[in-house]
Amino acid sequence: MAFKEIELNMGPQHPSTHGVLRLKLAVDNEVVLGIEPVLGYLHRGMEKLWESLTYVQVVPLTDRLDYLASLSNNLGYVLTVERLAGIEIPRRAQYIRVVLAELQRLASHLAWAGFMANDIGAMSVLLYGFEAREEILDIFEEYCGARLTIHGIRIGGVIHDIDTGLVSRIRTVLTNIPKRLADIRTLLDENRIWKQRTVGVGRIAAAEAIDYGLTGPPLRACGVAWDMRKDIPYSSYGDFDFDVPLGRNGDVYDRYAVRLEEIGQSIRIVGQALDGLPEGPFMAKMPRVLKIAPGEAFHTIEAPKGVLGFTIRSNGTDKPERVKMKSPSFINLQSLEHMCKGNLFSDVVGILGSLDIVLGEIDK
Amino acid sequence: MTPFVADLLIPVGKIIAVILYPMIMVMVMIWLERRVVALMQGRLGPNRVGFQGVLQPVADAAKLFFKEDIIPRQADKRLFNISPILVMFSSLLAFCFIPLGEPLRVGTYTLTLWIADSPVGLLIVLGLSAISVFGVIFGGWASNSKYPLMGALRSVVQVLSYEIPAGLTVLTVAFAARSMDLVEIVRRQESSGIWYGFLMPVSFVVFWISAVAETNRAPFDLPEAESELVAGYHTEYSGMKFAYFYMAEYAHMVLASSLVVLLFFGGWLPPFQGVKALAFLHAVPGFVWYLIKIMFFLYLYVWIRATFPRYRFDSLIRLVWKWLIPLALANFLAVALVRFLR
Amino acid sequence: MSGLRRFLRSFFLVDILRGLAVTLRLYFSRKVTVQYPEEVKEPARRFRGLPRLYRDGNGEPLCIACKLCQKACGTNCFDIEGKREAGAKLMRPVKFDWRLDRCSFCGFCVEVCPTSAIRFSPEFRMTGVGREPLLFHLDEMYLAGDELQERLCGGCRRAR
Amino acid sequence: MPADPADRPELRQTLEALTARFAGAVLAGAVEGRELAVRLTKDVLAPALRFLKDERGFNAFEDLVVFDNLQAPAGGGARFTVLYRLYLFPGALRARVSVDVDEGEALDSAVPVYRSADWAEREAFDMFGIRFDGHPGLRRIYLPDEFEGHPLRKDFPLAGRDRGL
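So the protein sequences, as listed, match chains D, L, C and H. Residue numbers are given in my numbering: position 132 of the first sequence equals residue 132, and the series is strictly consecutive. Just remember that my numbering sits 364 ahead of the position in the second sequence, which is counted from 1. Just remember that my numbering sits 706 ahead of the position in the third sequence, which is counted from 1. Just remember that my numbering sits 866 ahead of the position in the fourth sequence, which is counted from 1.
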């Protein structure tokens, strides 16, 4: 009887594809032979839309890229525009941006911890992760009024100032998160079922990871110390000291461990930023209508999912000629097939979860 | 006691009781599961329908009753319709052999708290609970879609491989009690003064793990792994057929808990029988103790589900063939040796 | 961790028991559920709820139909026409169409409005029973609270 | 944060090595801060990328950007400018290799050199219609395969075409 592989369709409506991703799997009775991701279900034509909006009007749209880390998208786009237009940002605004970006990284990693654990079966961790994240969303709501599509960072600075009341509330949140994190770690770190599902699964070597263009936690899990906040510091990240957690053998467990460590580091950064918050304006002097002379700029930041980059080309008007976004999830998803080949079907869910992709950012 | 009452009314009454008993337990289980998992996750769970959500299962059942009953187009109609019945039938039938307490003396008539008591009651219950595997296979196959098929295949391999350790540990109990009759086993535990759960802890642990696996419950819920197979073998079912699968799963859980309680924790016996000081515990009827013990194990089911991630298929099979079966065999030899030397 | 200690820990199911201990402890912990609609979590002061037009102290509409908001809006939700009454100093809006289903709550209109006529209200109940009620006309821009809910989804029976 | 002013000597050497290796093909080259910008002719693209990766250590492929020069024609007057952004880890250096392509012309695919260029090139094809020879599976990545036209071109109407759907 000739061997015929099953073509299994996972998505675009599937409980664990983190959005509208469709995976065409070639499966031989649960062993994965090949995966072909099909994209475009959430394609909104962002880059075309951006070409018809002014620089300032594009910022709220960048919220909708990685909708779990909207402040990071804002920061990435805004820094590129500022480099293109040569705008100098007051130090207080840079520090507030670091506070917001790192809080956003905490929220994104906590949401990810919940999703990944739920994909592998530990359903309670989803609630614990979201409960911790809820406190951060309350901070964002108090700071600028929105919880998910926050649009709190503007070209030239930030939307509001941080008053002492908000600073103390952020500090209490920073003390609560480690407690919730400790629960998650006790539940998962040493658990034998968790280890069987994650150790050695979806392993990728450092050289292959760089060749596949992996960035962010999945790359650092292979032991490659590439963190844009350290390599090309931006928005005064150089003033803070924090370490870059690294894994050893680049499997699902190391990606899990690296992200949980990063939560600890982000708490350190926010603490230092709040301690050293300089005085001064929180917004640079901006013209009413921002017109930028023809030119081109490329800038990258360390978003929670990986290296997020923007290329902007200006043509002298108040609307960008071309804005291209380099999305970390888009590039990281390419290595999914390499990691999943030969594994079992249930590992695909775990590996996809460990890559922490968001379809808004992939489909643009 | 006219024969009319003795031979007709009472048996019919008992049969109705045997059907109602699992139904009520299933209703309790549905509520318990949703509440306990919720409370463990820092939320309240259903508390709108009835006092503290007690009527939620009734609401679910009514909803499912009125929901449209979809049969996929290319599904194999006959198999598709039979499987929920098979799954439900096997668990209800097994309840006939579960004794709930010592026979009651009502005037001259002794009311036995079970439908049938056979010298091989244990084997019959195990055999009947294995029939539900057919329901799962037919359901998965007849749905004619890939996910249910994978769910069904996984379930077959899982349930069959966990039958072996379950069977071996049950044998050790039969060995110790020198009988397969469930009532006899409980009486034997009473007379020997020690419950087999404490006499043979290894048997209890292995049997408990196999019971969790056989009922496809977390962390062994691969056949219906929501995050992988969407809903496993009952993905294509809806309306009352889905309700059957849903209730059958809980019925099997209650069945497995009753078996654990009967075999290892002395069924309806009050705890600490030997201790004279606690003799007043005997006043409480056997049936209440039996319920308390079952509720503990049902709580344990839900507790485990809220805590642990899900096994991967090969690690689950490796667990049973490399760990549980050798352990069960070694334990069986040890018990046999002890029995022989004594 | 030495091999023996790791074996003992795994044989006596230490990781399993510690996991169960966590869920048991959380079983008795404080619950975070907010019983909406009986309990309502107060939105923050700067909460970006439904943008509303406001009136000044003595009931005069603040909006002077300068259409700055219409220009600033990225998703062009506004369609405004103003008219200057004979003898009046300021223009008044005659037609003020605003589309809730296009609004992305970016807040540019609120920032750019010279008389802060349009501001975010704490209203977060914005669901309607059709596309038509999501198009607000001039007088409906001043609605708030229950009349607003009546306007948005009047049809459904409110569980009051 | 403007790029730090110190020009990196290694980049200068790379530029010289590149111009020596591909004599006539390097149309323009400059080192600015941590970034080397080079404009090449179409045919030396693939060997140049191979050279930059193997000999000069640019081991990571960061991004592929396509500009439509319909309104603002670049120096060469070609319709599209395709940028390959490379990254040197751990030195944190960048290379910007740009090539001009006219409508209908094809480029050599960079996938044999950098595996992660695969989807980036498929996206460039989907959005601009630039074909890459040697690409393992050049298909549209976002839009359905039967979609005609390339949306990110300047002459594609923003509101889309009325297909009467």
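In case anyone wonders, no lab produced these hints; they're calculated from the structure. The reader is advised that the hints may include incorrect statements.
Distance condition first, Cα-Cα at most 30 Å in a straight line; then the derived DSS-like pairs of lysine-lysine [what the hints assert, rightly or not]:
id	chain 1	residue 1	chain 2	residue 2
1	D	Lys179	H	Lys908
2	C	Lys777	C	Lys747
3	D	Lys291	C	Lys737
4	C	Lys773	D	Lys291
5	D	Lys230	H	Lys908
6	L	Lys441	D	Lys341
7	C	Lys737	D	Lys179
8	D	Lys285	C	Lys747
9	D	Lys179	D	Lys230
10	H	Lys919	H	Lys908
11	H	Lys1020	D	Lys291
12	D	Lys48	C	Lys737
Hints, one by one, checked against the model:
Between Lys179 of chain D and Lys908 of chain H the alpha-carbon distance is near 57 Å, which puts this suggested pair outside the 30 Å criterion. Distance restraint check for Lys777 of chain C and Lys747 of chain C: the Cα-Cα separation of roughly 34 Å exceeds the 30 Å cut-off, and the hinted pair is therefore not satisfied. As the CA atoms of Lys291 of chain D and Lys737 of chain C are separated by approximately 52 Å, the hinted pair breaks the 30 Å bound. Note on Lys773 of chain C and Lys291 of chain D: the hinted pairing holds, with a Cα-Cα distance of about 21 Å set against a maximum of 30 Å.
For the hint linking Lys230 of chain D to Lys908 of chain H, the alpha-carbon distance of about 35 Å lies beyond 30 Å, and the restraint is violated. Between the alpha carbons of Lys441 of chain L and Lys341 of chain D the distance comes to roughly 37 Å, so the proposed pair goes past 30 Å and is violated. With a C-alpha separation of about 16 Å, the suggested pairing of Lys737 of chain C with Lys179 of chain D holds against the 30 Å cut-off. Between Lys285 of chain D and Lys747 of chain C, the direct Cα distance comes to roughly 37 Å. Violation of the 30 Å bound is thereby established for this hinted pair.
A distance of roughly 28 Å separates the Cα atoms of Lys179 of chain D and Lys230 of chain D; the hinted pair therefore holds under the 30 Å criterion. Restraint check for Lys919 of chain H and Lys908 of chain H: the C-alpha separation of about 18 Å stays at or below 30 Å, so the hint holds. Annotation: proposed proximity of Lys1020 of chain H to Lys291 of chain D holds, straight-line Cα distance about 20 Å (limit 30 Å). Distance restraint check for Lys48 of chain D and Lys737 of chain C: the Cα-Cα separation of roughly 46 Å exceeds the 30 Å cut-off, and the hinted pair is therefore not satisfied.
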